[in-house]
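Visitor: Starting from the known structure of chain R, fit chain D with the ligands onto it as the hints suggest.
Top line first, the protein sequences correspond to chains R and D. The opening position of the first sequence corresponds to residue 1 in our numbering, with each subsequent residue numbered one higher. The opening position of the second sequence corresponds to residue 1001 in our numbering, with each subsequent residue numbered one higher.
A couple of the hints might just be wrong.
Claimed, not checked - With a straight-line Cα cutoff of 25 Å, these simulated DSS-like cross-link-like pairs (lysine-lysine) come out: (1) D:1125 / D:1192; (2) D:1004 / R:111; (3) D:1231 / D:1219; (4) D:1231 / D:1192; (5) D:1231 / R:111; (6) R:102 / D:1045; (7) D:1045 / D:1004; (8) D:1192 / D:1116; (9) D:1045 / R:23; (10) R:102 / D:1004; (11) D:1116 / D:1004; (12) D:1116 / D:1231; (13) D:1119 / D:1219.
Derived by calculation from the structure, the hints in this document are not laboratory data. In this text the structure is predicted, and so the values were computed from the model without any measurement.
Here's the letter readout for the chains.
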Amino acid sequence: MATEIDMPSPHRGEGQGEGQGVKEYRWRMPANWWTRTRHYFLYVAREFTAVPMALWLIWLLYEIKLAGNGPAGYYPPRSAAFVAFSAVVLLFALYHSYTFLKLAGVIIRVKVLDRSIPPRVIVMAMFGAWAAGSVVVGFVLIWFAR
Amino acid sequence: MADKRVTIQATRYDPDRDSAPRMQSYDIPFYDESMVVLDALNYIKNHVDGSLSFRWSCRMGICGSCGMMVNGTPKLTCNAFVRDYWPRAIHVGPLNNFPLIRDLVIDMDDFMHKLKSIKPWVIRKQELPLGAGEHRQTNQQIDEFRQFSECINCMLCYAACPVYGLNNEFLGPAAIALARRYNLDSRDQGLKERLPVIGDAEGVWECSFVGECSVVCPKGVDPAKAIQQTKLDTTMRFVLPYGNRD
Ligand code: SF4
Ligand code: FES
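Here chain R stands alone, though its shape is the one from the complex (with noise of 0.2 Å):
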């Protein structure tokens, strides 16, 4: 005859299981984690060029603000080192820009005609928006400053 024992529930998450009142050993990050593959690596070096940017924005806010006196008592920067810094958070913007961008194929699902638009068009859209903006943003600033 079956005897009916109380076994424990393999649905941890309903109560009880595997390890209960036994001493577990906790998992911790270990603080190097970023450099053990290539793709944590890439994505720590994309979340960090934030930084960079954020301290050219703030340099550029303070920048209007000197230039707010109007053209004739203001000197732009033309330092070879903020140049340099300039070169370097360009990169750094593109290479942001671009993993955005590209993810935007992944997030966005449009629909046409009960049809869904294809990852790919969606990405290409993106881009060309991005070229777009950026050849106005290029133009006004030009037209603007001769």
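Guide: For chain D with the ligands alone, coordinates are given in the frame of chain R:
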């Protein structure tokens, strides 16, 4: 083939004796080209050291119970071929980011709670009477969520996610993918019940898109996609004037 050998370095942890996990090396025959890491572990258990503990069941990539770290990467051990690592030693460890119970067995309590918290079942405001028959779906309606329904709860994505590793309050990849699976199901009307969990700061917004969950997923679920799509959807609901309509 007969005398080929492979070294398996397995993590060992006995909660009654060890204060921290340690490594034990086993030199075993590499007896068959089709041998997988799980076969190697079973060989050890059957012929060398019966005390080695690990979970497995189907041996065919379906049950999701044999997930472990193989040379630092989360893998289904029944799907990781020894020949792909040989002649290097293979290090087999418990899944990262989870408390360790014994040897290669992790505590999946937190994961089970998280799965349950997103109410992974079809929620109806009002059940249709049985006489109304089946709730039919078109192929297009099924395609909306099919990819997210392929999950086998193997937890590899949680082991790969540094965000979960740093903050295990994060709802995590598989639970969010599963929530999306039901939210996209034409039969389901439970979005509003799931929103407080998935839209929470520890829900989708904790994710900073590392993307590693989708890389390691053995079923092509692409939980990173589910999370980013959910971010967009919840934002749209918030911003658009008709966003909160049912
Ligand atoms: S989403 Fe993929 S990796 Fe994560 S639990 Fe499901 S099947 Fe496993
Ligand atoms: S034993 Fe079932 S997935 Fe590996």
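Visitor: So, for every hint listed, does it hold in this structure?
Guide: Structure-based check of all given hints:
Distance hint between residue 1125 of chain D and residue 1192 of chain D is fulfilled; the C-alpha atoms sit about 11 Å from each other, no more than 25 Å. Between residue 1004 of chain D and residue 111 of chain R, the direct Cα distance comes to roughly 56 Å. Violation of the 25 Å bound is thereby established for this hinted pair. For the suggested pair residue 1231 of chain D and residue 1219 of chain D, the alpha carbons sit about 22 Å apart, so the restraint of at most 25 Å is met. Between residue 1231 of chain D and residue 1192 of chain D the CA atoms are separated by roughly 15 Å; this keeps the pair inside 25 Å, and the hint holds.
Restraint check for residue 1231 of chain D and residue 111 of chain R: satisfied, since their Cα atoms lie roughly 19 Å apart, inside the 25 Å limit. With a CA separation close to 47 Å, the supplied pair residue 102 of chain R and residue 1045 of chain D exceeds the 25 Å bound. For a cut-off of 25 Å, the pair hint linking residue 1045 of chain D to residue 1004 of chain D stands: about 19 Å separates their Cα positions. A threshold of 25 Å between alpha carbons decides the hint, and for residue 1192 of chain D with residue 1116 of chain D the separation of about 16 Å falls inside it, so the pair holds.
Distance hint between residue 1045 of chain D and residue 23 of chain R is fulfilled; the C-alpha atoms sit about 23 Å from each other, no more than 25 Å. As the CA atoms of residue 102 of chain R and residue 1004 of chain D are separated by approximately 46 Å, the hinted pair breaks the 25 Å bound. For the hint pairing residue 1116 of chain D with residue 1004 of chain D, the CA-to-CA distance comes to about 46 Å; that exceeds 25 Å, so the pair is violated. Of the pairs offered as hints, the one joining residue 1116 of chain D and residue 1231 of chain D holds, with about 20 Å between alpha carbons and a cut-off of 25 Å not exceeded.
Taking the CA atoms of residue 1119 of chain D and residue 1219 of chain D, the gap is near 22 Å; set against the 25 Å cutoff, the hint holds.
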